[in-house]
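Student: For reference, the chains in residue letters:
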Amino acid sequence: MIDLLNGIVALANFVLIPAIAYGSQLALGALGVTLIYGILRFSNFAHGDTMAVGTMFAVLVTWGLQGMGVSLGPFPTALLAIPFGILGAAAIVLLTDKYVYKFYRAQKAKPVILVIVSMGVMFIYNGFTRIIIGPDDHRFADGERFVISARTFRDMTGLEEGLALRTTQVITVVTAVVVVAALFWFLNKTRTGKSMRAFSDNEDLALLSGINPERVVLVTWLIVASLATVAGVLYGLDKSFKAFTYFQLLLPIFAAAIVGGLGNPLGAIAGGFVIAFSEVGITYAWKKVLVYLMPPALEPDGLVQILSTEYKFAVSFVILVIVLLFRPTGLFRGKSL
Amino acid sequence: MSGNPYQDDRGNKDASITNPHGQGTLTASGTQPNPMPGKDGPFLIGENMTGGYGKTGPDILHDCTIAVERGEIAVIVGPNGAGKSTAMKAVFGMLDLREGRVLLDGQDITQLTPQARVRHGMGFVPQTSNIFTSMTVEENLEMGAFIRTDDFRTTMAQVYELFPILREKRNQPAGELSGGQRQQVAVGRALMTQPKVLMLDEPTAGVSPIVMDELFDRIIEVARTGISILMVEQNARQALEIADKGYVLVQGANGYSGTGKDLLANPDVRRSFLGG
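Protein chains in written order, with my numbering: chain A, 1 to 337; chain B, 1 to 276.
So that you can see chain B by itself, here it is in the shape it has in the complex (with noise of 0.2 Å):
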C-alpha cells in the first residue's frame, strides 16, 4: 500500500501480541519548532494552499486560500470529497504542502509540526478519536492544559460554565457519555490551551438537530470570548447562518466564498449545495 515495509499489516491482528488501539496516524509535514516572519493579514490565513497527502499523494487542494479574523467564525462547506477537511489539515500542518503557505497572527508558520502549533495558541478538534475515552472528563481536560505550567483552573471553570453537563459528569469516563457530551468534551480539551484560533472538523457530525443547534449555540459564545473558530461543517445551511465568512470548496479550489449571509442568498450556492 504505502510501499514501506515496516507498516506491513499481515500478522498484525492478533491482539494477544500486539496493541493497534489508539496508535498514532499523525505524519506532520513541518520540521521546525519556530514561526518565521511573514506579512501582515489576516489572523489566521492558508494562503494558495496546494497539495496532497505524503510525499507522492495526488494533489487534492489546488490553489486554495482559507482566512478567518480575530474573534470571527469561518466555516468550510462543500459537497463530499471537495477537500473541506483536508484544508483544514493544511492548515493544521497535516498535510504536505506543496505551494503556498501558512501564516498565523502575521508569522509564518507553513514549516511548524501539529504540535508546534498547538503551543502558538492553534487548538484542533479532530472529526473522530477527540476524546480520551479511558480517561474522565476532568482528566480529558487535564489533558488539554498539558503544555500550560501556571493554574488552569480558572479555564476549567470557564469550560465547565459553557458546558454545564460536563461539570455533572466530570468523574465519568468519556467513552461512556453520548455523542453530543462527547463532543463538548472535545472542544472543552482543545479550549485548556486557551488558543486563538479553535479549529472544528464536522463537530456535528452524528449529533441529533438540537444538540447540533446547543453546540453551535456554544460555538458562537467562544467565539465572542475572541478566539477566531475556523469549521468544517455537513450541515451547510444553519452553519452558514452563523458564520461571519463561509467558502465553498469545489474539486480542491475556492468556488465560492463570502460572508454567510451572501452565500445563503446567492442563488449558485443555493442551487448547488443547499438543496434550492
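Next up, chain A with everything else stripped away, as it sits in the complex (with noise of 0.2 Å):
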C-alpha cells in the first residue's frame, strides 16, 4: 500500500505535474499559432521568436523592477512585468504587420507566401532578441520557489518520495487557464470576438457585413502577441529565457496546433497537453516508479527509458506524423475558430 502510494507520488512529481505546466506552456503557445492560422490563414514560424521578444521585454522590465527594489512577495516579479512584455512584443507585431504583412495582404498573396515570409521575419525577431539581451541563458524567476517541497511533503506525509511543487508550476497553470478562459469568452460573447470568427468563417461574407478586415487582423495580432508573452514569460519562469529555446519550442508548439486541429483553439490546448505528456512521458526514466509498482521480482534492471532527453523533440515529430497519417485534420476537427 505505501509502495503504491510512493509510486504514485513519484509519478506526479517526475511526470504529472512538470508534464501539466509544460502543456500549459504548449497550449498558450498553441492557441496564438492557431489564432494566425484561422483569421490570417498562414502559419506564422515566427511565433516562437515572438514569445522570445515579448519574455525579453518582460526580463528587461523585471530586472529594472528588480533593481528599483520592487517585488511581489512570493510571487515572481516578472508577473508586475507581463503587461510591458505584452506592449512591446504587440509594438513589435503591429510594426510588422504594418511594414511587412500588410503589403501581401494588399496583393491577397496566397497563404504558402506567408508562410514563407513569416520564416523571414523568424530570423529578424530571432537576431533582434540577441542583439538586445544576448544569446546566453538568463534566470528571472525570484520569490518563493517552492509551494511545497519535496523535503516538506516528506515530512508531513512519512513517504519515502517527496513531492515538490513549485510557485512557477502553480502560477503557471493558473495563469493559463484564466487566459484561456478569457480568450473563449472574448471570441464567443463579444462583438469583436465573433467579427474575428466570422472572419475566419467567410472573409467575402465579412467583408459584405460591413466587418472591417484590417480591425480584424489588428486584434488579431494583439491577442497573439498578449498570448505569445505570457506562454514566454510562464516558460522562462519554469525553466529559463534563452533566445535559441524558444526558437526550439516552435516545435513542439506547431505539433500541438496541428495534433489538436489547425484553427480549433480547443484543439490547441488539447494538442498541448498531448504533447507535453508524451515528451515528458517517452523521455522519463520510469524505473523509480516502476520499483514501487511492481512485484520485487520483475523489478527492471536499466532504467526504463525509452528516449534520451536529447530526442524529445523527435517525439513531437513522431506524434505529429500519426496523427497526420490517421487523423490530418486533428483530434478536433480544425480549420475555423
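Since the hints were derived computationally from the structure, they do not count as laboratory data. Every residue, glycine too, gets a C-beta built ideally from N, C-alpha and C. Just to be clear, a hint being listed does not mean it is correct.
To be verified - In the EDC-like style, the derived pairs of lysine to aspartate or glutamate whose C-alpha atoms are separated by at most 16 Å in a straight line are:
| id | chain 1 | residue 1 | chain 2 | residue 2 |
| --- | --- | --- | --- | --- |
| 1 | A | Lys-189 | B | Asp-105 |
| 2 | A | Lys-287 | A | Asp-301 |
| 3 | B | Lys-196 | B | Asp-105 |
| 4 | A | Lys-108 | A | Glu-214 |
| 5 | A | Lys-108 | B | Asp-8 |
| 6 | A | Lys-108 | B | Asp-105 |
| 7 | B | Lys-261 | B | Glu-138 |
| 8 | B | Lys-196 | B | Glu-72 |
| 9 | A | Lys-288 | A | Asp-3 |
What the hints assert, rightly or not - Chain A residues, not near chain B, derived (Cβ > 10 Å throughout):
| id | residue |
| --- | --- |
| 10 | Tyr-37 |
| 11 | Met-68 |
| 12 | Gly-73 |
| 13 | Lys-108 |
| 14 | Val-112 |
| 15 | Gly-158 |
| 16 | Val-219 |
| 17 | Phe-244 |
| 18 | Lys-287 |
| 19 | Pro-328 |
Could you fit the two chains together into a complex? Lean on the hints.
Tutor: Encoded structure:
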C-alpha cells in the first residue's frame, strides 16, 4: 500500500506536474499559432521568436523592477512585468504587420507566400532578441521557490518519495486557465470576437456584413502578442530564458496546434497537453516509479527510459506524423475558429 | 493565370501550413467612400453598364441597363452565361465598369466599394458561401447587423417572424442546416442591415420545388415592407410570375425587358427561354 502511494507520488512529482505545467505553456503558444492560422490563414513560423521578443521585454522590465527594489513578495516579480512585455511584443508585431504582412494582404497573396514571409520575420526577430539581450541563458524567477518542497512533503506524509510543487508551476497553470477562459469568452461572447470568427469562416461575407478586415487583423495580432508573451514568460519562469530555446519551442508548439486541429482553439489546448505528456512520458526514466509498483522479482534492471531527453523533439514529430497519417484534420476538427 | 506572382498557387495545398478556407476573393472596383450627386430616376439603376472582370478581362456586359423601383421586385433571367450574375455584381460594385454608372436613390454610387454600398442601404446575398457555416444562426444574424450601432433586436424578431424555422434553430450552427434553411439564414443576414435594396443571386439554387415556392412567398413579403428586390433566377417562369419587372439578358446585353406578365406572354421570350 505504501509502495503504491510512493509510486503515485513519484509519478506525480516527475511526470504529471511537470507535464501539466509544460502542457499549459505549449497550449498558450499553440493558441497563438492557431489564431493566426484561422484568421490570417498561414502558419506563423515567427511565433517562437515572438514569444522570445515578448519575454525579452518582460525580462528587461523585471530586472529594472528588481533594481528599484520592487517585489511581489512570494510571487515572481516577472508577473508585474508581463503587461510591459505584452506592450513591447504588440508594438513589434504591429510594426511588422504594417511594414511586411500588410503589403502581402493587399496583393491577396496566397497563404504559402505568407508562410515563407513569416520565416523571414522569424530570422529578424531572432537577431533582434540576441542583439538586445544576448544569446545567453537568463534566469529571472525570484520570490518563493516552492509551494511545497520535497523535504516538507516527506516530513508531512512520512512517505519515502517527495513531491515538490514549484511556485512557477502553480502560477503557470492558474494563469493558463484564466487566459484561456478569457480568450474563449472573448471569441464567443463579444462582438469583436464574433467578428473575428466570422472573418475566419468567410472573408467575403464578413466584408459584405461591414466587418473591417484591418481591424480584425489588428485585434488578432494584439491577442497573439499577449498569448505569446504570457506563454514565453511562464516558460521562462519555469525553466529559463534563452533566445535559441524559444526558437526551438516552435516545433512542439506547431505539433500541438496541428495535433489538436489547426484553427481550433480547443484543439490547441488538447494538443498542447498531448505533446507535453508524451514528451515527458517518453523521456522519463520510469524505473523510479516501477520499482514501487511491480513485485520485486519483476523489477527492471535498466532505467526504462524509452528515449533520452536529447530526443524530446523527435517525440513531437512522431506524434505529429501519426496524427497526420490517421486523422489529418487533427483530434478536433480544425480549419475555422 | 492572373500573372500575379503573389497568387501563384504552387505549394499552397499543404493544409498543415496554409489555410485557404474562406479566403477572400472579393475585388472591389470602387475607391471612394462617399457617393456623388446623381440625378432622379428609378430607385436603383445600373445604367448602360459595360465591363468585365479585372482590369484587362474581356467585356461581359454590353450597354446593359437594370433598374428597380422602391418596393418592387425586379428579376434578371436569361440563358446560361448571359451575364446575369455579372450584371448583379456590377450593380453591387464587384466588377470594373468601363462605361455606365450606378445610381441609388438619386446618388451616383459607381465609385463606391461593395462594403460602402452596404452602408448606403444595399444588401447582397451571394449565390454560394452566403452564410457563416461555423457560427450559429443567431450569430449569423448578429454579424449581419454588424454595422448597426442601435438596438437590432426588433429587426431580429422580424426576421424570425419571416422565417419561423430560424427561431427554432437559432442556437444551431448554420452549416448544419438544410439547403432551404441556409438560404433563409442568408436572406435573414442580409435583412439585418435594414437594407433599402436586397439583391439575391439565385436564391433558389439547389433547393426543392416546395421550398422554392416558400422562398418566393417570403421574398414577396419582404418586398411588401418597402424593400426593393433585385434577383437573378434560374427558374425563369416562377420568378417572372412574381416579378414587377423582368430583364432577359442575352450575351451580356438587354434582350427583352418589361413587366413580368408581359415577358411571360411574349411569344419570343416563351420560345427562346421558357421552353414554349
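Student: Compare the structure with each hint and give your call.
Tutor: Okay, the hints, checked on the actual structure:
Under the criterion of a C-alpha separation no larger than 16 Å, the hint pairing Lys-189 (chain A) with Asp-105 (chain B) is inconsistent with the structure, at around 37 Å. Between Lys-287 (chain A) and Asp-301 (chain A) the CA atoms are separated by roughly 8 Å; this keeps the pair inside 16 Å, and the hint holds. Between Lys-196 (chain B) and Asp-105 (chain B) the alpha-carbon distance is near 9 Å, which keeps this suggested pair within the 16 Å criterion. The straight-line distance between the Cα atoms of Lys-108 (chain A) and Glu-214 (chain A) is roughly 13 Å, inside the 16 Å bound, and the hint therefore holds.
About 11 Å separates the Cα atoms of Lys-108 (chain A) and Asp-8 (chain B), which keeps this hinted pair within 16 Å; it holds. Distance restraint check for Lys-108 (chain A) and Asp-105 (chain B): the Cα-Cα separation of roughly 33 Å exceeds the 16 Å cut-off, and the hinted pair is therefore not satisfied. Of the pairs offered as hints, the one joining Lys-261 (chain B) and Glu-138 (chain B) is violated, with about 38 Å between alpha carbons and a cut-off of 16 Å exceeded. Restraint check for Lys-196 (chain B) and Glu-72 (chain B): satisfied, since their Cα atoms lie roughly 11 Å apart, inside the 16 Å limit.
For the suggested pair Lys-288 (chain A) and Asp-3 (chain A), the alpha carbons sit about 11 Å apart, so the restraint of at most 16 Å is met. Annotated as non-interface, Tyr-37 (chain A) brings its C-beta within 10 Å of a C-beta of chain B; the closest such distance is 5 Å. Every beta carbon of chain B lies more than 10 Å from that of Met-68 (chain A), the smallest distance being close to 44 Å; the non-interface claim holds. Distance check on Gly-73 (chain A): its Cβ is at least 44 Å (rounded) from any Cβ of chain B, clearing the 10 Å threshold; non-interface status holds.
At roughly 6 Å, the least C-beta separation between Lys-108 (chain A) and chain B is not larger than 10 Å, which violates its mark as non-interface. At roughly 4 Å from the closest C-beta of chain B, the C-beta of Val-112 (chain A) falls inside 10 Å, breaking its exclusion from the interface. At roughly 51 Å from the closest C-beta of chain B, the C-beta of Gly-158 (chain A) stays outside 10 Å, upholding its exclusion from the interface. Listed as outside the interface, Val-219 (chain A) is consistent with that label: its C-beta sits roughly 14 Å from the nearest C-beta of chain B, beyond the 10 Å cut-off.
Listed as outside the interface, Phe-244 (chain A) is consistent with that label: its C-beta sits roughly 23 Å from the nearest C-beta of chain B, beyond the 10 Å cut-off. Annotated as non-interface, Lys-287 (chain A) keeps its C-beta farther than 10 Å from every C-beta of chain B; the closest such distance is 37 Å. Once the 10 Å rule is applied to beta carbons, Pro-328 (chain A) is inconsistent with being away from chain B; the minimum gap is 7 Å.
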